[in-house]
Amino acid sequence: EDQVTQSPEALRLQEGESSSLNCSYTVSGLRGLFWYRQDPGKGPEFLFTLYSAGEEKEKERLKATLTKKESFLHITAPKPEDSATYLCAVQANDYKLSFGAGTTVTVRA
Amino acid sequence: KAGVTQTPRYLIKTRGQQVTLSCSPISGHRSVSWYQQTPGQGLQFLFEYFSETQRNKGNFPGRFSGRQFSNSRSEMNVSTLELGDSALYLCASSWGFSDRQSDTGELFFGEGSRLTVL
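Quick mapping for you: the protein sequence lines, in order, are chains A and B.
In terms of the numbering used here, the first sequence is residues 1 to 109.
In terms of the numbering used here, the second sequence is residues 1 to 118.
Treat the hints with caution; some may be incorrect.
Below, a list of computed lysine to aspartate or glutamate pairs in the DMTMM-like style, where the Cα atoms sit at most 20 Å apart [to be verified]:
1. Lys63/A x Glu106/B
2. Lys59/A x Glu106/B
3. Lys42/A x Glu111/B
If you are wondering where the hints come from, they were derived from the structure by calculation, not from laboratory data.
Quick caveat, the model's predicted, so the values are computed rather than measured.
Please build the complete structure, drawing on both the sequences and the hints.
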């Protein structure tokens, strides 16, 4: 069975304090790994897709990287508006998406 | 353009009742997926519909069912509600392709229907 584990569960940062979120996975044939952001009371919002080890994607203060067993989401110099729950998901060969439990990031001004 | 619309946003039911939730995808999107989100289990895949056919299914009991109409709108139904069915039910749409070759996994989610079972 496909498994996605995210750590830490929660992360409290000071504005400007860079950090990384981890997503480790086991999947039968990885088609892609995805990062989503979810604000309270909202549905998840797509951030990135990574397809192969070594790939990197960037968007504003966020950078996602992928290895054969895990992915990292780096937040550089975060701002309070970066506070959210970040979800990692993997898509297996059967096209199903399996989500991790998420990392809740709180950035204090 | 308009996003994914889910109705109702909130509802309260009692055990044993049934409930129907509705989802209108982004115009042009042909694939609609449903997810259950709870604090303990996170986001769990229920099923996916493409061109009115169920294309994929998660590990939920038969009380959970769905359908898709010719205009890509979708409904899901939960019968004989249990306390554990209390959750946020999220609908997501995507372009979808019949041969799957270009499916990117990029989903556009609605804001969800929050179901409370008493």
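Each hint, compared with the structure:
1. Lys63/A x Glu106/B: holds (17 Å)
2. Lys59/A x Glu106/B: holds (16 Å)
3. Lys42/A x Glu111/B: Roughly 5 Å separates the two Cα atoms, so the pair holds.
The structure agrees with every numbered hint stated previously.
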